[in-house]
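**Student:** Using the hints provided, position chain B relative to the given structure of chain A.
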Amino acid sequence: MLGTIFQQLLDGITVGIVYVLLAAGLSVIFGVMNVINFAHGELAVLGAYFAVAITIQTGIGGNAFVVALVIAPLLVGVLGVALERYTVQPLYGRNPLYHILLTFGLVLVINDLIYLVWGTGSFRLPRPGVLTGTVGAFGFGVSAYNLFMIVSGGLMALAVWALLEYTRYGLIIRAGSQDRQMVRNLGIEIDRYYSLVFGVGAGLAAFAGIILAGNQQAHPDLGMSIIIPAFVIVVLGGLGSFKGAVVGGLLVGILQESILRPWVPWLEGMVIFVLMIGILLIRPHGLFGTEHAEEGGTERLLAGRTGSLLERETRFKLGLVMIGVLALVPIVAGLLGNLFWVTFGSRVLIWALFALSLDFVMGYTGLVSLGHALFLGLGAYAVVLGLIHVTSSVFVALALAIALSAAIAWIVGFLSIRVAGVYFAMITLAFAELYYNLLYRLEITGGSEGLGLLGQDYYYGLAGIGASLDDIAFFVGPVVLTGHSLFYYVVLGALVASYFVTRRMLQSPFGSVLKSIRENEERATFLGYRTVVYKRRAFVVSGAFAGLAGGLFALNNAFVSPSAAEWLKSGEVIVMVILGGMGTLYGPIIGAGAFFGLEQLLTHYTGRWRLVLGTIFVLFVIFLPRGLVSVPTLLAPYLPGGPGPTSATEQLPEDSSTEGGD
Amino acid sequence: MGRDGTYQGSRRQLLRAVSAGGAAGLVGLAGCVGDPEEATNGDEEFDTIELAVLEPYTGPFSDLGEERTQGTELAIEQINDSDEFEFEIEYDTYDTQSDPEDALSEAREAVQSQGAQFLTGCISSDVALSMNDFALDNEVLYTPGAADVAITGERCNEYVFRFETSTAQIAEAMAQWTYEEQGDQIFYHLADYAYGESVMNEFEARMEDLSDDYERIGETRAEFGATDFEAYITQIESAADEADAVVIGSTGGDLVAFLSQAADRGLIDEIPIVTTTASFTPIRAGAGDAATGVFSGVRYYPELETGDNQEFVEAYEAEYDELPDNFSRVGYDSIRMMARGIQEAGSNNPSEVADVLGGLEQETIFGPNEFRECDGQAVNPVWMGELTEGDDLPEVEILTELDGEGAIPACEDTGCDR
Chain A
7 MLGTIFQQLL
17 DGITVGIVYV
27 LLAAGLSVIF
37 GVMNVINFAH
47 GELAVLGAYF
57 AVAITIQTGI
67 GGNAFVVALV
77 IAPLLVGVLG
87 VALERYTVQP
97 LYGRNPLYHI
107 LLTFGLVLVI
117 NDLIYLVWGT
127 GSFRLPRPGV
137 LTGTVGAFGF
147 GVSAYNLFMI
157 VSGGLMALAV
167 WALLEYTRYG
177 LIIRAGSQDR
187 QMVRNLGIEI
197 DRYYSLVFGV
207 GAGLAAFAGI
217 ILAGNQQAHP
227 DLGMSIIIPA
237 FVIVVLGGLG
247 SFKGAVVGGL
257 LVGILQESIL
267 RPWVPWLEGM
277 VIFVLMIGIL
287 LIRPHGLFGT
297 EHAEEGGTER
307 LLAGRTGSLL
317 ERETRFKLGL
327 VMIGVLALVP
337 IVAGLLGNLF
347 WVTFGSRVLI
357 WALFALSLDF
367 VMGYTGLVSL
377 GHALFLGLGA
387 YAVVLGLIHV
397 TSSVFVALAL
407 AIALSAAIAW
417 IVGFLSIRVA
427 GVYFAMITLA
437 FAELYYNLLY
447 RLEITGGSEG
457 LGLLGQDYYY
467 GLAGIGASLD
477 DIAFFVGPVV
487 LTGHSLFYYV
497 VLGALVASYF
507 VTRRMLQSPF
517 GSVLKSIREN
527 EERATFLGYR
537 TVVYKRRAFV
547 VSGAFAGLAG
557 GLFALNNAFV
567 SPSAAEWLKS
577 GEVIVMVILG
587 GMGTLYGPII
597 GAGAFFGLEQ
607 LLTHYTGRWR
617 LVLGTIFVLF
627 VIFLPRGLVS
637 VPTLLAPYLP
647 GGPGPTSATE
657 QLPEDSSTEG
667 GD
Chain B
114 MGRDGTYQGS
124 RRQLLRAVSA
134 GGAAGLVGLA
144 GCVGDPEEAT
154 NGDEEFDTIE
164 LAVLEPYTGP
174 FSDLGEERTQ
184 GTELAIEQIN
194 DSDEFEFEIE
204 YDTYDTQSDP
214 EDALSEAREA
224 VQSQGAQFLT
234 GCISSDVALS
244 MNDFALDNEV
254 LYTPGAADVA
264 ITGERCNEYV
274 FRFETSTAQI
284 AEAMAQWTYE
294 EQGDQIFYHL
304 ADYAYGESVM
314 NEFEARMEDL
324 SDDYERIGET
334 RAEFGATDFE
344 AYITQIESAA
354 DEADAVVIGS
364 TGGDLVAFLS
374 QAADRGLIDE
384 IPIVTTTASF
394 TPIRAGAGDA
404 ATGVFSGVRY
414 YPELETGDNQ
424 EFVEAYEAEY
434 DELPDNFSRV
444 GYDSIRMMAR
454 GIQEAGSNNP
464 SEVADVLGGL
474 EQETIFGPNE
484 FRECDGQAVN
494 PVWMGELTEG
504 DDLPEVEILT
514 ELDGEGAIPA
524 CEDTGCDR
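In order, the protein sequences belong to chains A and B.
Residue numbering for the first sequence follows the working numbering, starting at 7 and increasing by one per position.
Residue numbering for the second sequence follows the working numbering, starting at 114 and increasing by one per position.
Please note that the accuracy of each hint is not assured.
As the list claims (entries may be wrong) - To list a few chain B residues with every Cβ distance to chain A over 10 Å, as calculated:
hint, residue
1, Ser243
2, Trp290
3, Glu416
4, Gln456
5, Ser460
6, Val469
7, Glu499
8, Asp526
What the hints assert, rightly or not - Facing chain A, a subset of chain B residues (Cβ under 7 Å, in silico):
hint, residue
9, Pro213
10, Leu217
11, Glu222
12, Ser226
13, Asp239
14, Tyr306
15, Ala307
16, Asn314
17, Thr340
18, Glu343
19, Ser351
20, Arg378
21, Gly379
22, Glu383
Unchecked claim - To be clear about the criterion: a stretch of chain B counts as covered by chain A if any three or more of its residues have a C-beta under 8 Å from a C-beta of chain A, and this derived list gives those stretches:
hint, segment
23, 174–180
24, 245–255
25, 271–284
26, 428–435
I should point out that these hints are in silico values taken from the structure, not numbers from a laboratory.
Each residue gets a CB set at the ideal place from its N, CA and C atoms; glycine is no exception.
Just chain B, same shape as in the assembly:
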């Protein structure tokens, strides 16, 4: 579905390359006499902006990449049809696979060959982090799709704006609920990479604030991309008497495989399973019945009545014949918020857009929202939910809500200096 853009894109690219080759050469000519530092990407008069959609269309996150692209394409379509914006978005899709080297190579092609000034995408945290650096280095604006805290934390920069809810925000809701409903003796099972690690760190920091008696009963770490979890499940089972809950720091195929094997072993009867992402549609679809009874942090659910969410859901259903989920809404509003920034700046120069986008209050599917000026993170609300039996897939039943201000860490705690 999402790949259609590529094929149309390549034909368009070809035409553009032929016609624009001469013009670009002239720009090069004009720029050469001055300082090499001088930025030549961006001008006052513009009708189009070039967007690069960089997603993992192959590898473990490919489902999520496809889903996010659908949201992105819907937003582009609406913006291009709307009178509110004085420009059109042209875009191409690029396959980042799940390797930072491939992602960087694609990003370079997008920026240097196709002249993209705006980047969006990347689900995997390590790929998104490498893209963070790339955005700063090339002075292009980037809206990532990964939840790792460092993206708008220690490794933030002024070109990165994230509408995806960060692990810090989701951990706030999860920790409060877990402490109140389950207890403070926690076992962790992590996928051994950036994301898994940050789940434990964030959850633990909040638990320590909430309870003096908090204890980490134990932890198991599986290699990222692991498919066999038997030994870890045995360890969790043997700690089930002591621990009040097991917190799972993994997502994608890792989480599906874990939940499937945990269900075969009856783990859920022994200890509550608290996850960060089991509410995602692909995970519920992948794990099926095995996800029933599992608790999950919720970053988004389509029934939400805030902002213009219902219009989004309607348009999305009309276009793709399915309900939107977390990644499609991230793609959707990342583009809309970015486009309003461009409109506000009245420029397609990423540096000028970045200047106005931070702190720019705007209407989103979550109601009034903004990318904070201090770290570029959107102030999203978060929920805690339980997966219950449904018709095709398990359904998400919302248990508690935490508003945006309550969930986001204070500016001075983010470690972001931009």
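The following block holds chain A by itself, in its conformation from the complex:
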């Protein structure tokens, strides 16, 4: 019994020490330059793969392990410096949420590069003979390699601590993470230290990645599986605090390995996120974080519309033409006998609706939700469960999905909106992960197998009056519209309706307050508006539309599984909003089209289409943060007959104050 407890504690420390190294870099990078680095996990995996190259691909084997442990982190460190120089630096001075977006793009790029270079397989890192097998310690047989992980990881953490505590560099970095402006005022160019901090953080991550790969294996998805726990730890310990990262890392390691898994395994995955939510609510700056004014918080998110090129009426007509073109898709596809464009179109429009819902809260109130897949998943499961257990009317099931998502959005909003900026992003991520884990555990959701709608009789209608889409057909000239084609019109109708409803909302006094919050929340407060209430309402609206998108998502697949609520989906929808241009309701729709169009185009040439997508996304975040919808305005001065550059800028103030988004 004593042996087991000792072993369990050892397991906790082994895993915890890796978390410490990962979280330390992540935390210090945030503390000093306010950058949330989503790519941190990928940098760790890159370290592991460099070690694979040094040990396996040179043919040296286990004896090169120690060499790899020195060289690979240095290489990744250099890469980190380069990343900071060329991608992160252009964004300083912008809202820190752009760093989340940028580094999410880097995740896609680095991950696909790993696939390209090392293939899809996994590698087991060869290690020197001394580090394999078991050794006796305190009368117990203990894995030699686990002991090595604890010792080397501990020494590394100690070295970083000493660096921070006893060197001049460390002094400046610590000062910088407490009050950047003060350091600048003292005549120190803190900006020059940014590259160094980023590089060291990346190197630390790589070191952690290598010792982890020695224990497990190097495989391309490792980064995705370690980044979320690393975030939890950083939040628990306090963003910016090295001490917090150490305590948080060991705490989560021991909690996970020594307490939850052996004793209450069904709570694993939930306790940790509940803890994260609790900490964010009670002590947003974490256990050891210092409460400093978030200087980035005042910088605005860049909305898509900087001025309209076209007259209002022309735009309205253009919109109608777009709807008309979309409505023709099934007929043209029917004429060509290629139904694929109909189902593909449905998928794009569903995601467009989802992106629109996110934009309503992100583009208009400046709240970046990293957990919007929560509502997509809620809507999807509500519709499927509703159709199986409650009703056979699709409309009733969709109404259920909207109501449930709105209700949960109110609760999440009630708890989350008291924190802002990065903390809000983190807390929504935690809620989504909590739900995602719950889907696996519950009996009613069918666990990992998900739930299918096949064999369920359901109809489009109300109170028993209606029909299944497969049983009715419309004859448009030579084309029969039935099944998927009709579903396409259901989706298109939902999207158009949602667009006009949200547009009307934004033109109402409610919408004006939302926009004033986005422009300057302090002033809105001074005017007497309770901004928290308005933000929460916007969040509920957003959640409701996301729930509708989720319901349609499930109907389109006739199937739902927990992957509907995974965090990658939250990331992807943000990508769509940014691609299109946030803060305009049509931008996200264009963004969704661009996203899937790109995927469709690229998958014909390469399986690694995310590499191209990620690169384009990174370029957008750096050079075109207002998205595709800003392209016409940027081009306007160079177009013959278009308004000159001056007239475009003249329209700016008028635009942001008088018009609703459309």
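**Tutor:** Showing chain B alone in chain A's frame:
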């Protein structure tokens, strides 16, 4: 390797789309006046059939997906070169990733855009299950690559025919051997998803039949795709005195990572480790020495002298310069059996092929075999093996064999109603 098909495929697709666009439009015209239900896919006169190869080329099962594609492509090549068949197979490959949504989207493109009537592939159980429903819904014939029992069990349908050996079949051999050689006190370690769950259910059901004293000593469940197993190994160690064996219900990267960490901790010296899939080449390659001494159910091994297996092995080695393994043989004979069904039906209409394929006796690498009429499951033999030290990889040493009839559950026990 397997992806080459994609690039050639896309060029071909383009040409076909251009040339066939007009013709397909005419078919659409002809079909529109009647009932929308009327099936228009399939005709009596045909020279080609359209096959969609849907495999996870990215994600945790990508090695297996590539391997299966090699077997599939070899069978297609042989069929297209052979006089035995009066048609040719045209195919494209699609990346299902490991997400049912992506898989369904790819399948829709295959069926609706490229006109595929036959689908094959998918390694992961949840993806394969969603594809089961898709096949029925779209009336296309599907030969899955996953081992989950429900595929030819509770969620079976008349369009699904499986040459992969199901977990029920492998559990039969494993349970008999474990009971005789190790005992009936069992600890389970599962990957927490459809496949892991079915390993425990199937193994347990058979153990209960074999022994009145059977007991489940304990179980640990790791998230699917987990990489860290320290805490679970500690729990298994602490139950090692009571339990006679630990049965592992996981595969792919999960199993490799588990075996690596178990070896570091010396778990195998404390308790016999019984797995379902450690005999797969990618797993032996991934785990290396860490797999030595582990027991495993065996679905296939290349030295087998049954049917035309040796010709298959020879052709496979000539083509890819390596020995075939379980997934390549599944890809290979799934296609051959399906093609013989098409030949027999004399039609490329999936519904007509499905009608004759069930119960159609044919020669396979396992000798005479068939997809059973009651559930579409192939009657494959199974083995129990031990991994022993080898030159590059650990080798599979066969311990016992169980014939096809002995391993497959009785029709009335499958839960399949088709």
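**Student:** Decide, hint by hint, whether the structure agrees.
**Tutor:** Each hint, compared with the structure:
1. The beta carbon of Ser243 of chain B sits about 5 Å from the closest Cβ of chain A, which is not more than 10 Å, so the claim that it is off the interface is violated.
2. Listed as a non-interface residue, Trp290 of chain B keeps its Cβ farther than 10 Å from every Cβ of chain A; the least gap is roughly 28 Å.
3. No Cβ of chain A comes within 10 Å of the Cβ of Glu416 of chain B; the nearest lies about 25 Å off, and the non-interface call holds.
4. Interface exclusion of Gln456 of chain B from chain A stands, the closest Cβ pair being 27 Å apart, more than 10 Å.
5. Listed as a non-interface residue, Ser460 of chain B keeps its Cβ farther than 10 Å from every Cβ of chain A; the least gap is roughly 20 Å.
6. At roughly 24 Å, the least C-beta separation between Val469 of chain B and chain A is larger than 10 Å, which holds for a residue marked as non-interface.
7. Residue-level check passed: Glu499 of chain B sits 21 Å from the nearest beta carbon of chain A, beyond 10 Å.
8. The beta carbon of Asp526 of chain B is kept farther than 10 Å from every beta carbon of chain A, the shortest such distance being approximately 20 Å.
9. Interface restraint check: Pro213 of chain B against chain A, minimum CB-CB distance 5 Å, threshold 7 Å, status holds.
10. Nearest Cβ of chain A to the Cβ of Leu217 of chain B: about 5 Å, under the 7 Å cut. The hint holds.
11. A cut of 7 Å between beta carbons decides the hint on Glu222 of chain B: the least distance to chain A is about 5 Å, and the hint holds.
12. Against a cut-off of 7 Å between C-beta atoms, the interface hint on Ser226 of chain B holds, since the closest Cβ of chain A lies about 3 Å away.
13. Using the Cβ-Cβ criterion of 7 Å, the hint placing Asp239 of chain B at the interface with chain A is satisfied: the shortest such distance is roughly 5 Å.
14. With its C-beta approaching chain A no nearer than about 4 Å, Tyr306 of chain B sits inside the 7 Å limit, and its interface hint holds.
15. The interface hint given for Ala307 of chain B is met, as the beta carbon of that residue sits about 5 Å from the closest beta carbon of chain A, less than 7 Å.
16. For Asn314 of chain B, the shortest C-beta to C-beta distance to chain A is roughly 13 Å, which exceeds 7 Å, and the interface hint is violated.
17. Hint on Thr340 of chain B holds. Least Cβ distance to chain A is approximately 4 Å, under the 7 Å limit.
18. Given hint, Glu343 of chain B at the interface with chain A, holds; its Cβ is 4 Å from that chain's nearest Cβ, closer than 7 Å.
19. Here the hint on Ser351 of chain B is kept, as its CB sits about 4 Å from the closest CB of chain A, short of 7 Å.
20. Evaluation of the Arg378 of chain B hint against chain A yields a held restraint, the C-beta minimum of about 5 Å falling below 7 Å.
21. At a threshold of 7 Å, the smallest CB-CB gap from Gly379 of chain B to chain A is about 5 Å, leaving the interface hint in force.
22. Interface restraint check: Glu383 of chain B against chain A, minimum CB-CB distance 9 Å, threshold 7 Å, status violated.
23. Only residues whose C-beta sits within less than 8 Å of a C-beta in chain A count toward coverage, and the segment 174–180 of chain B has 3 of them, enough to reach three; the restraint holds.
24. Beta-carbon proximity to chain A at under 8 Å applies to 3 residues in the segment 245–255 of chain B; the threshold of 3 is reached and the given coverage holds.
25. Three residues within the 8 Å Cβ limit are the bar, and the segment 271–284 of chain B against chain A gives 0, so the coverage statement is violated.
26. Evaluation of the coverage hint for the segment 428–435 of chain B: breached, as 0 residues show C-beta separations to chain A shorter than 8 Å, against a requirement of three.
Hints 1, 16, 22, 25, 26 from the earlier list are contradicted by this structure; the remaining hints agree with it.
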